[in-house]
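> The chain contents come next:
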Amino acid sequence: MARNLRLLGFLALIYASLSISGAAVIRPINEAHQSAALELFVPINGSFGSLEETYEALKTFQILGVEKGAEISHATCPVVVEKLGSSLSTSKDLFHALRVNSILGCQIDSRTFEDVASKLQALIKDANSLLDFHYAVGGLLYIKDQGINVILSDADGTFHSIKALSQSDGRWRYDSNSAESSTYAAGIALETIAGVVSLADRKLDQSKIGIVKNDIVKLFDSIKSYDDGTLYFDEKHVDASEYKGPLSTSASVVRGVTAFATVASGRLNIPSDKMLGLAKFFLSIGIPGSTKDLFNQIESLSCLKNNRVSIPLILSLPSTVLSLTSKDQLKVEVTTVFGSAAPPLTVSLVQAFHSDSKDTPVLENQELQFDSENTIHYLDIIPLKLDVGKYTLIFEISLHDPENVNTYATGGRTSLMSFVTGSIKIDKAEIGILESGAGGSETLQKLDLSRDSTLSLSANHLQKLRLSFQLITPLGHNFKPHQVFLKLRHETNVEHIFVMESSARQFKITLDFLGFVERFYYLSGKYKIELTVGDAAMENSFLRALGHIELDLPEPPEKAAHPPPQPVDPYLRFGPKQEISHIFRAPEKRPPKELSLAFLALTLLPFVGFLIGLMRLGVNLKGFPSSTVPAAFSMLFHAGIAAVLSLYVLFWLKLDLFTTLKALGFLGVLLVFVGHRTLSYHASTTAKLKSS
Amino acid sequence: MAKSTSSDAQMLIRSLRTAYAATPTNLKIIDVYVVYAIVTAVIQVVYMGVVGSFPFNSFLSGVLFCVGTAVLAVCLRIQVNKENKEFKDLPPERPYADFVLCNLVLHLVIMNFLG
Chain H
1 MARNLRLLGF LALIYASLSI SGAAVIRPIN EAHQSAALEL FVPINGSFGS LEETYEALKT
61 FQILGVEKGA EISHATCPVV VEKLGSSLST SKDLFHALRV NSILGCQIDS RTFEDVASKL
121 QALIKDANSL LDFHYAVGGL LYIKDQGINV ILSDADGTFH SIKALSQSDG RWRYDSNSAE
181 SSTYAAGIAL ETIAGVVSLA DRKLDQSKIG IVKNDIVKLF DSIKSYDDGT LYFDEKHVDA
241 SEYKGPLSTS ASVVRGVTAF ATVASGRLNI PSDKMLGLAK FFLSIGIPGS TKDLFNQIES
301 LSCLKNNRVS IPLILSLPST VLSLTSKDQL KVEVTTVFGS AAPPLTVSLV QAFHSDSKDT
361 PVLENQELQF DSENTIHYLD IIPLKLDVGK YTLIFEISLH DPENVNTYAT GGRTSLMSFV
421 TGSIKIDKAE IGILESGAGG SETLQKLDLS RDSTLSLSAN HLQKLRLSFQ LITPLGHNFK
481 PHQVFLKLRH ETNVEHIFVM ESSARQFKIT LDFLGFVERF YYLSGKYKIE LTVGDAAMEN
541 SFLRALGHIE LDLPEPPEKA AHPPPQPVDP YLRFGPKQEI SHIFRAPEKR PPKELSLAFL
601 ALTLLPFVGF LIGLMRLGVN LKGFPSSTVP AAFSMLFHAG IAAVLSLYVL FWLKLDLFTT
661 LKALGFLGVL LVFVGHRTLS YHASTTAKLK SS
Chain C
1001 MAKSTSSDAQ MLIRSLRTAY AATPTNLKII DVYVVYAIVT AVIQVVYMGV VGSFPFNSFL
1061 SGVLFCVGTA VLAVCLRIQV NKENKEFKDL PPERPYADFV LCNLVLHLVI MNFLG
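Here the protein sequences come in this chain order: H and C. Anchor point for the first sequence: position 36 equals 36 in this note's numbering, and the numbering is continuous, going up by one each time. Anchor point for the second sequence: position 10 equals 1010 in this note's numbering, and the numbering is continuous, going up by one each time.
Since the hints were made in silico from the structure, they are not lab data. Model, not experiment: these values are computed from the prediction. Take these hints with a grain of salt, some might be off.
Claimed, not checked - Once the Cα atoms are required to be at most 30 Å apart in a straight line, the calculated DSS-like pairs of lysine-lysine come out as:
{"#": "1", "chain 1": "H", "residue 1": "Lys-688", "chain 2": "C", "residue 2": "Lys-1085"}
{"#": "2", "chain 1": "C", "residue 1": "Lys-1028", "chain 2": "H", "residue 2": "Lys-688"}
{"#": "3", "chain 1": "H", "residue 1": "Lys-688", "chain 2": "C", "residue 2": "Lys-1082"}
{"#": "4", "chain 1": "C", "residue 1": "Lys-1088", "chain 2": "H", "residue 2": "Lys-690"}
{"#": "5", "chain 1": "H", "residue 1": "Lys-622", "chain 2": "C", "residue 2": "Lys-1085"}
{"#": "6", "chain 1": "H", "residue 1": "Lys-690", "chain 2": "C", "residue 2": "Lys-1082"}
{"#": "7", "chain 1": "H", "residue 1": "Lys-622", "chain 2": "C", "residue 2": "Lys-1088"}
{"#": "8", "chain 1": "H", "residue 1": "Lys-622", "chain 2": "C", "residue 2": "Lys-1028"}
{"#": "9", "chain 1": "C", "residue 1": "Lys-1028", "chain 2": "H", "residue 2": "Lys-690"}
{"#": "10", "chain 1": "H", "residue 1": "Lys-589", "chain 2": "H", "residue 2": "Lys-654"}
If we strip away everything but chain C, and leave its shape as in the complex, we get:
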């Protein structure tokens, strides 16, 4: 049983990988960006765990920025993905402009909260 599960798992991973390789490059770029943002957030949480949360606002702003930008990137990915039926007629520049604008606003708010 364990063997089948482990081989099932391996098969799953392999099929995921091949399917993922088929995604277009721009989506992959966005994925890398999301991973980058999440990893940065995790590192900040680990740091807070080590030293304590004294400038709490700084910690929050750092973590929430990473999470926010990851969320915005995910929104972009949804809208740009050609396989999504709802956004078929939309040229990809529009969500990209939204992404840029929202990111700039997020940057301002976080910079203000950083202290």
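So that you can see chain H by itself, here it is in the shape it has in the complex:
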């Protein structure tokens, strides 16, 4: 039963996610982003890593309103001071150091700043790549913010050098040698040009500003879009090693364009819908998983928040599910990208379409009321007589102050999805067994489907089971849920699921067992009946056990299919295994011990006989040499033989062959030498005896 509920919930979830047609729910930045930032940006030993990463972390925390400077400055300020003071630092190092310092506010005297400024000015003169200009101009801007008077001497020349790298489609190259142009570089170039304009000692020629504005318009022609109205920038030529994804590229362009719009006089000719589309793109990411992505998202949205082109206003639904039972109101929020208040405006629901009838709107032109306490626009839906189901709502924002129309981007008509759920009434439920054949008697009994029942029916294969009921929405219309299943489960856990058909007024099913005999694998016995009714818009979806039915089916023929094997509990494989009975070779029959010992004694008997025989023959040791040296040799000879024999006994008892052979080799050499001496002496004495 739990499995069915899980299946139901899973299916409902899939349906709900599919119904939003691939678009992420767009909500303004909230505390979830703050906690994500705290989780992602974790300082190790008081520092975030390189100066670039430190800047990303500090800027993100600054925008989100988290105070982190105190923990970091202790470890990071010395690095900043060292980089600014060192003569080996490149423009990139100085740029990052100045950026971090602008947030941390380390103690640096103005002499250092002036030195760095003059160094950067010199670097600008020699610069020839876009990034060199970017770092130098950016660094000078940060120094200017510290209060040092910085003027860019040759602003026109610098502008021309940067502009020379632009392409006709609004993109920029990184330097004059590279052939590929990049949108990311365009963002950097616009930011640098904005810096050049603000650092120049006198105003730049307006025609130059106009040229750049045209470039921006051309750049925006290459903007791409997703189905849900979000817009983004991506690189045209994908070079795998240098590829920066849509997020980084769009963030770079937004930074550049908003920076340029701040310094340029007059308006930029960018439609407000595009700014809103970009804002939606950044918000649709939700909560990014990496530090760089989070930084890009938060920083771009911060640039968009107060930009001079048009400030995006986000219309979102705090909750997309409205319940008729709890009399929810339709609530709509209109805020800036960071969730702060929008200027005075009115939201109106232009049209509302039910998923069943996509052409005729159910509602039209409803104005939402404004709750200034919670800054929420709301609409009571109960008096509007909305039935349960999935709705597409189309909203429109109208600003009160006509001057705000150019400042804010409201995006025309915004389309959002919403669910209206309610409690479905189940009526006129009947179940019974019918005889087959047209003239069957209808003895149906009433069923209360608001709780489990314990019916006890019985049928044979010639009869039919019939179940029918009506489903009524709160407004009294017929309801067609997504899942209406009847399940019959045998005692052996073999299940059969049937989908109930719906006619105009009711749901019904007639199970003719004659046709299902083979499908049921000829299994007679007790079958549990379960009814499942479920839908995403139905608050009281249920799985009811209705009782059981005793089915009497005929005997299976020989070739009938067997029911499928039921899934075995997968943990059974970890249980004890079958006992293995080993078959051993029967041990050989050994003789009784006494018999063996008797024969051992018998075997030693001939030795005794041998000794007796020797004594009878008069064995003596007269031939043994008397003088010392030969006697010694003879003794050694006999001792050697005894040693070899005892070595053999030892070999039989516990030694192995190799050790024995080693010892034997040693003893054998000794024995040969000694034996030769002894026997030659013996031979010589007998020869002397013979000759004499």
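Position chain C against the provided structure of chain H, taking the given hints into account.
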């Protein structure tokens, strides 16, 4: 006829015995040794007949050792016997050294095979 055969047999045995008594002592020692070895082998065969040949390698090594050592003793006897014309010039120590050496090797092999 039976009487003559039996008396012939007795005469044969008597003459054998007197001839044997004339053999030198060292040859007699070797004979006793051979008899000892053969008797030991026979006892082992009888034992195997009684209990079955389960550790067959042990039985073989036992029997073949006895037979081997008897054979080596017979070789020694041939070489040491002064009446043998072929080995007249050979001092008896040489065959004795051979006997000892071969016996030691036989001992090693049998000990290995005994198990």
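> Work down the list of hints and note, for each, if the structure agrees.
These are the hints, each one checked on the structure:
1. With a CA separation close to 22 Å, the supplied pair Lys-688/H and Lys-1085/C stays within the 30 Å bound.
2. Distance check on the hinted pair: Lys-1028/C and Lys-688/H sit about 25 Å apart at the alpha-carbon level, within 30 Å; holds.
3. For the suggested pair Lys-688/H and Lys-1082/C, the alpha carbons sit about 18 Å apart, so the restraint of at most 30 Å is met.
4. Straight-line distance between C-alpha atoms of Lys-1088/C and Lys-690/H comes to about 14 Å, which keeps the hinted pair within the 30 Å bound.
5. Among the hinted pairs, Lys-622/H with Lys-1085/C is consistent with the structure: their alpha-carbon atoms are about 28 Å apart, no more than 30 Å.
6. For the given pair, Lys-690/H sits about 14 Å from Lys-1082/C by alpha-carbon distance, which is consistent with the 30 Å threshold.
7. Straight-line distance between C-alpha atoms of Lys-622/H and Lys-1088/C comes to about 24 Å, which keeps the hinted pair within the 30 Å bound.
8. Taken as a hint, the Lys-622/H and Lys-1028/C pair is honoured in the structure, with Cα atoms around 17 Å apart against an allowance of 30 Å.
9. Of the supplied pair hints, the one linking Lys-1028/C and Lys-690/H holds, its CA atoms being roughly 22 Å apart against a limit of 30 Å.
10. In summary, the hint linking Lys-589/H to Lys-654/H is supported, as the alpha carbons are separated by about 26 Å, within the 30 Å threshold.
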